[in-house]
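Residue numbers (our numbering), protein chains in the order written: chain R, 1 to 145; chain C, 1 to 483; chain B, 1 to 498; chain X, 1 to 107.
It should be emphasised that the hints constitute simulated quantities derived from the structure, not laboratory data. Take these hints with a grain of salt, some might be off.
[What the hints assert, rightly or not] Selected chain R positions facing chain B (Cβ under 8 Å, derived; list incomplete):
| id | residue |
| --- | --- |
| 1 | 73 |
| 2 | 91 |
| 3 | 94 |
| 4 | 99 |
[What the hints assert, rightly or not] Each computed BS3-like pair below joins lysine-lysine, with the alpha-carbon atoms no more than 25 Å apart:
| id | chain 1 | residue 1 | chain 2 | residue 2 |
| --- | --- | --- | --- | --- |
| 5 | B | 366 | X | 101 |
| 6 | R | 62 | R | 16 |
| 7 | C | 108 | B | 380 |
| 8 | X | 93 | B | 163 |
| 9 | X | 101 | B | 163 |
| 10 | B | 439 | C | 154 |
| 11 | X | 101 | B | 312 |
| 12 | C | 154 | B | 332 |
| 13 | C | 108 | B | 439 |
| 14 | X | 93 | B | 312 |
Every residue gets a Cβ at the ideal spot worked out from N, C-alpha and C, and that includes glycine.
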Amino acid sequence: MRDKISSSPVLSVVSKILFAPIIIFGLYVQFHGDYGPGGGFQAGVIVAAAFILYSMIFGLSKGETLVPIMINRYLMCVGVLLYAGVGIVSILLDGMYLDYNVLSSDPSTGQHIGIILVELGVGITVATVMIALYHSFASFGEINE
Amino acid sequence: MSNSFLIILGIITPLFAALFSYICRYNNNLRDSFGIIGGLVTFLISLKIFHGIQNNEIFQITFFTLFDGVDFTFKVSPLGSIFSLVASSLWILASIYTIGYMRGAGEKNQTRFVIFYSIAIHAALAIAWSGNLLVLFIFYEILTFSTFPLVGHKQNAESQSAGRLYLSILVGTSLIFFLPAIFWIWLETGTLDFQDGGILINQFPAEYLSLLIAMLVFGIGKAAIMPIHRWLPAAMVAPTPVSALLHAVAVVKAGVFSFLVVIVYIVGPEFLLQTKSSDWLVWLACFTIMASSIIAITKDDLKTRLAYSTISQLSYIILGAALASSLALKGASFHIITHALAKITLFFCAGAIYVTAHIKKVSELKGMGFKLPLIFFAYTLGALSIIGVPPFIGSWSKFYLIMGSIEREFIIVAIILGISSLLNIYYLLQPVVIGFTKNSIREVKLTKAPLTVWPPVITGLSCLIFFFYANYFLNNVSGVIVS
Amino acid sequence: MFNIFLDDAAALVVVLPLLISAIIAFMPSKIWPWIISLVTLVLHLVLSLHLLKEISISGLIIYEFGNWEPPWGISFKIDGVNIGLQLLFSIFVLVSTFYSRKIFLSEIDSRDSGKAYSLWLLAIGSLNGIILTNDIFNLFVFLEISALASISLIALGAGQNRKALLAAFNYLIIGAIGATFYVIGVGFAYAMTGTLNMNDLVIQLAQYSDGQLAIFAGMSFMLIGLMVKAAIFPVHIWLPPAYSYAPSAVSTLLAALATKTILYFFVRLLYEVFIIYPSYLSLFLDFVLYPLSLLAIFIGTLIAIYQDDIKKLLAFSSIAQIGYITLAFSLKDHSGITSGFIHIFNHALIKGGLFMAVGYFAILYKDRVTLNSLRGFGYKYPITSFALLICGLSLIGLPLTNGFISKLYLFQALYTNQMYFSIALVAVSSALAVAYFWKIVEQMWFSEIKFKSEKEDAYIYLPIWIITVSIIFFGIYSSPIIEFSNLSADYLISGYQN
Amino acid sequence: MVGGLFIIITSQNYLKKVVGLAIFQTAVFVFFVSLAKVLDGTAPILTKMENAYSNPLPHVLILTAIVVGVATSALGLALVLQIYRNYETIEEKEIQSLELKSDKLNV
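Excised from the complex, chain R in its bound form (with noise of 0.2 Å):
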């Protein structure tokens, strides 16, 4: 069932040639987040959108060879642990958990280390997730068979 999504050339073509704008799209809004609009959570969503589109035109079993299965769930950890990981360097520089100003010698700086940081950790994590979840429900009814 997996591989049997037929899909028209329109289709394929398009979200082909979409894929990489989606993706760097969401690089933009990920390091934009610093100091505008945008941040880890749309990134994160933009670009597993982009995962999703190309799972949903080609079959699960051709999204899943570009992102296995296994390091989408290491990736999902990896996240988190940077998110955490931030906080736990700050505790050891003698800051306050997640205190960003003793990154750096200058706060303001030590800021945007920070804030990217811990933004990367924020998209992977739901990046991650999101195409898990998309992953874990569409192959729903293969489990049964």
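Given chain R, work out where chains C, B and X should sit, using these hints.
Just chains C, B and X now, with coordinates in the frame of chain R:
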């Protein structure tokens, strides 16, 4: 041996008896002997404490503080020394009797029976020696729970429902009335210790005293005042040693003892006399006495009949406590001893008749008197003592109770006591009369069970003998109550 | 090195379990997740003890995340009110984690053990967050994390009985409605005051001293939401199936701690924030919480009597016990709050112990434990059965157990408030508790049936006995619990006077 | 909001309940966002001009709440799937009758 050590030893001896019985559970003779040994040890200790109390020694031990103003403490009061003496001495006889009965009747689970019997005695002793109301309550509950396996011993539907009734009434009333009453006393006075003359006077609002007395008398369900007497006849499904335990040694005695202790050492007789808060209780007790005597007449089952007799006798004690005059209290305290001796005799006899002749009903007793002369002899002694015929010990307590009611100018109460004695004569002596009627209805095959025959004879005779030594006990009681 | 971490103990007690939960999430091993969790929780206990030491010196710790001062940043607050609860929490999760291993092994697929412990730590971390947080929105987040984690854990019980799925789903729907109500309330409060920090909220609310409809509406929404989460009668309907169909270890954790932490926050909200509107507060307490508590006590007990399934029976008894706690909290004075906290402590221990014992029986019996199935267990498994007996006696409230202490102080509180009717009701319902508990004992000891029994497992009965011994210990030497509860009440009441 | 709640309570279909929950939550999110709106405000971006700008904090809160809501819906849907797998229906009434039957069988 120091006094405090004596208390600890006395309280834990029954537990050790239970433990050893469990360890030796595969050797029946050894197992059952621990009950007798434990009984002897506790009896000696109780006797020593009893004498110590007479010589104004103090027996007290405190373990730890439970909460503000309430310690986990034991302190022997004169009243308690009497109760412990009764319980421990009767334990010896009951143990001997148990061996005969349980083997004669071929009951199962004898080890469990022996263990919980010992634990029940432990709880009864601890109640007797408890130093404050909360400790008394703790062991009151332990006594309830430890006698539950005994009541439900047969594990059939009947005994199970009886056990449930037993437990639900006793635990239910104690949690609904007794415990809140204890809390109430604590909240008003800040203490729960037993003190001569009571702790409530000048501390407790007099207008609520009636309510408190009601909570106590209904909360102490083991005192079996009507309308919460139902558990006692229901518990008759248990083997007879249990009935003896319930009626004479531990349970109901613990109930009336608790109530008496509360009246004497917590409420204070003087406070009661001043406020007259317990006068209503006098009438309730009278009602219970009459009603249960009348019910007893209608019952054909010997044990049930004796159970209703117990309910009526317990109300004598409650009556004495409610009257609260010194003579009445003396009578009530003494009635614990006299009734224990007499009632255990009667139950021993009922059980012996069941084991040897397999008869439970009064109407089937025809002609049995000739076949079981010793048992009927003992039964007659016990019955006469309960009725209150003079050369028996029971006459003393009845005498004091009547004097007490006259002292408080409750003439009708004195008359009721008289009428109830007449009823006693009828329903207690009827089995004897039937027993010595000739031409028995059916042929009965007798089983030999000598161990069930001799204990009632001993207790029956002691009812007679102690009549002449009554002062020995009375001195101990009167000292406190008069002061 | 270690000192650096100790300084941030307040944050780490929450962050550490969450962090470790991410690490072990997809661990394939069967035993490592358990060991790692155990080590984590030992560290957790060390951190809690450190917090206790700090509190005994300074009396108040406010931990600001990322060094953002309130009202902007999220802050944790540890003071006399919650330090006792924190300690209890730490100890109990350690014991129950120790207990959980064998239970999980036999109740869920062993391949899932990594996931199970991940969720387990997630629930622990977020429940701990509820205890510590000082921010009403942050509370919502923790509330939901803990709810989602525990729902997933409950759903793991589906391997045993598919009804667990329905129970989890109902919990999800009802819980989410409760949480959303709470958020609506937060929205109102935020709209009026512009702050989410609890201390700041009090200050900001003071300017509306006469009170406005919007604030009252917001407060009501928040309280109703929390009542759903804390399973206060009549919005308790999710609780009995959820507790009874969850895997046994999960029921233990949830029954002992989940509702307690939410109740704690509930009372904190009432007496720390809403106290500035005394008329509203007393309206709520007298006419909503008080009658509901009485109903909960009575109806919970009555339903429990007619239950055949032991875990359900215990769950309904929980409803009644929560009623006792809220009854105490509805009294508005020091003695009431003290007795409420005392019962939170004691009931956590009692219910934890009971669920542990019954959970073990479920494993031994390999099916749901009903009254009938317990026949003869008292003889076959004496160690666990005896622990169950003691816990049950404590539930009834007999002296020398900690349940008695709870009852004593509850009576005292009711007496000083002259609520004689409630005293009578509490007395009656505790007597009724005998009825349902004794049914269990009767089956266990007084009816015999021959069956093959296994040897009891020390890994399981050891934690059960730790709880049981502490029940007796705190029944005799009750001052630690009473002092902690007094401290909590002192702090709450003093906040009220300032 | 009320509509969502209505769906949750009345509908017999578990899937519809989850949808109702989502609607209910979304309504609350909108309520929050509406709180933040300042009349004539712009997006809260630092510019040279001093502008009235909308309060960004509720948006941040709602972002968190949305994530929670997504997680809730996802979990709810997962549970619905599991229920379907076990019962082969997601209608409340049918499941109840199934359970009644199995209870009777056990007794």
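Checklist entry - Going back to the hint list, which numbers does this structure go against? => result Per hint list: single violation, 12.
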